[in-house]
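Participant: Listed below, chain by chain, are the residues.
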Amino acid sequence: MLEHVVNGLVLGGTYALVAMGLTIQYGIARIMNLSFGDTIIAACFATYVLFSVFAINPILALLIVGPTGYVFNLLIYRFIMKPLVARAPDEGALEVDSILVTFGLLFVIQGVLLVMFGGGYTSYSFLNSPVSMLGTVVAGNRLVALVLSLTFGAVLVGVLYRTRWGMILRAVATAPQSAPLFGIDTNRAARTAFAVGGALAATGGGVVSMFQTFTATAGVVFTMKALIVVILGGKGSVPGAIVAGLLLGLVETFVAAYIDPGLTLAAVYTVFLVLLLVRPNGLFGKA
Amino acid sequence: MLELKNLTVRYGKHLAVDGVSFSVTKGEAVVVLGANGAGKSSILKAVAGTVALSDGSVVLGGETLTGIPAHKVTNHGIALVPEGRGVIGRMTVEENLRLGATPQRARASEDDTMAQVFEIFPRLKERRSQFVHTMSGGEQQMVAVGRAMMSKPDYLLLDEPSLGLAPIVVGDMFKALARVRETGVGLLIVEQNVRISLRHADRGYLLEAGRITGSGTSEELMNDAAVRQAFLGGDT
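The listed protein sequences derive, respectively, from chains A and B. Numbering follows the UniProt record's numbering, with no gaps: position 261 of the first sequence is 261. Numbering follows the UniProt record's numbering, with no gaps: position 122 of the second sequence is 122.
In isolation and in its complexed conformation, chain B is listed as follows (with noise of 0.2 Å):
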């Protein structure tokens, strides 16, 4: 299980996070839902690493993660898929996908991660020696939760994984989301788009000004008043 306990992150005087707690488990799909600058980029970064916790701790299967660098927390099975995607342009699909099994943790299983990440985004097959940088946003995408992929995950973490992508591509990225989940990892997403990230998954958590202001199963959101009002366009 992955915990968040009082999460709190600031930036010098700014409160980003303000006590958030909330658990994932293995092979379910949480979403924390919320507007810009509600705080969202910011508790993904500080359970990868990459931002501080000002308070609070990540405590994955009973072992506290506070405190441990960025490129160590990926070997205890967390990856982390940035708003931005954090693939390496200049660098072929194949050669991004292969950095990413750089944590201890995966070099084993490289070959075979590798052959999942194929069947599950064929495309990136295809297009194994092409640059990166050279692709469509949605490919990019792909790169992006394949080279999460390769570090073999208990936990994925996916910042905006539709941010600036054309619907029908938001809808397949989420189809191949479900395919990763179904081989046992838990999916922590934060998402702006409300209607397809609540169709995939379990539950999901309000998230304002930093604060948690609600949760539920995704049914029970899908059809809250206040989720209607503030995501949804306010329309019955």
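So here's chain A without its partners, still in its complex pose (with noise of 0.2 Å):
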């Protein structure tokens, strides 16, 4: 029982900690990503090479993987999304046009994996000793994963409940009208929200690529599973984003466990359709 809920909870946080990062680029910068696995599944990638070649400790590497996130988003913002921005009349048109070229996005990070890695598993083993927990047994990658995923998570909302930077996110998110009138570049905080989600799905895979193994062609996997997150925990809501997280982990280490494998992405959906009918904008959405 206990083994499932830590389990659960290891899934679940790095669910939260991936859905942080898109539900900060769909809430805050209007772009619902569609390459956001991939930039993930690159992460990992980079961790494995970073470990296996160049022996960088997985979590000395996630300052290097974080921050490449970061700048790598920065420039697909730059040059791919401005222009769209600039064209968009309204909020819906710029969803769609970004759904649409994130989707070819997808295909050339995908194609680029492929051809630099091929389409096989990959996995390293890093901290793969059992530890003793809570009466149960854990594999040590996977404590590491969950307490990582639960400290990025408290310092993302530290950072957005606790200084002008983050309200200044914030109030883009909920308000993006009146945002102006408050002397908010809404343009600026675009930008950087974009930067930062690619930050958390940079650092995500890192954490990921800790204790999972992983194929060049897994991304999209994780970009359903990230956007069933955000639309559960509210488009744009960090203590949305980790509430649903934690939650879908529970539900689908326990389904596993208790009732049929086979079964986990049915009971996801199952309560991804129920919590949306009893409320349509997620668990801390605006109403």
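For the record, the hints were derived by calculation from the structure and aren't laboratory data. These numbers were taken from a predicted model, which means no experiment stands behind them. Don't take each hint at face value.
Said to hold, decoys possible - Quick look at which bits of chain A chain B covers, simulated, 3 or more residues with Cβ under 8 Å:
{"id": "1", "region": "108–122"}
{"id": "2", "region": "170–176"}
What the hints assert, rightly or not - Quick look at which bits of chain B chain A covers, simulated, 3 or more residues with Cβ under 8 Å:
{"id": "3", "region": "97–105"}
{"id": "4", "region": "188–198"}
Glycine included, C-beta positions come from ideal geometry on N, C-alpha and C.
Could you fit the two chains together into a complex? Lean on the hints.
Facilitator: So this is what it looks like as structure tokens:
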């Protein structure tokens, strides 16, 4: 029982971590980034290369992978998204345009990864020793992943709710029309949010790679999971993404353990459906 | 001095504001009176930079502001309280106020300005941790004006501050605005509520179909037959 709780939290923690990035990109920059999961996978491979070729500890590698994700997404925003933002007559049009463009970007990133690493499953062994905790045994790498996810989540929530910079991002997420009257540069906020979302995706990828096998084509799975978490938690809400991510991880683990592993996806979508019927804007969404 | 020179705003083919020119000085209260759709809001939006001018210019202290994006206009000392208030409902009173001090010109004096806002609106101090969307219309309007004050404006633009408020609340709001004005801020108010806005303004302009059709001191306008006819129910 406790074992499943811990495993569920580990899985949910990584869902939360990657979904935080997507909810920031979608909620603040108003860009639905379908290549989000491929950024995660690229970060998995980057961490793998740093570890297996350069012998850099994966936890330290996050310090390289995270900022790289930031810069990479800043460039994507600057050269690909900016023209779309400039020409979009409204939010809906930007969403459609960004879906089409990032759908293309998805295949570009995936293609590059396939050329470099092939289509096989990849993994590496890091802290793979069992750790006893709360009367159960967990793999060390999973425990590290959980601690890292929760730490990043706590830091991000702290920044969003305790600093002016965070206030500005939240203002743009909930009231984009009013924000300029407060002296807020919404374009700059959107660019920063997109880059921060990319940094979180990359960090999430680095964390996931510590305990999971991954393939060049698995990006879309991460995008879908993250999207479910974002919608469950409420578009643009980081606390929502954390709660929904953990919830989803627990549901998946418990269904796999007590009912049937084949029903995990069905269970996920059932939770998704029921919650959307009850709260159409998500757990923390605005009415 | 804030000068509007031949200000013209078009929405597609529709001419909303047609060559409006007038000016406001610091510490002065000017009201623009007009019916729904006369172009009152468009004038304020054009000055604040949230809609583009199709002709004319906005000049502040000799510097032309035309074409500057809205978020930068605030840093020049112009704050707009739009219709519908433009507050952030899902944030607290204090967060709204602190966010209002985002322009560079307002940062250094943020805490002092906040004390000043709380002095004029003691209710906001009591409710500083309350979420704005849970407050009454009058309280939200206080947040909106307080937020605008936080940017340390020289000119405060108010789009129908009386809209949707109970008469007694409207009276309090205008008294509060009079105190804001005493701090040296110039007020440009657009209103349909003629009586109370003229009582608190120095001068006024009449706006019809995007054009200025009359002007005068508040007293003159109050006694003007056309104003009485159009806005005060035609009684003598």
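Participant: So, for every hint listed, does it hold in this structure?
Facilitator: So, going through the hints one by one against the coordinates:
| no. | hint | verdict |
| --- | --- | --- |
| 1 | 108–122 | violated (count 0) |
| 2 | 170–176 | holds (count 4) |
| 3 | 97–105 | holds (count 5) |
| 4 | 188–198 | violated (count 0) |
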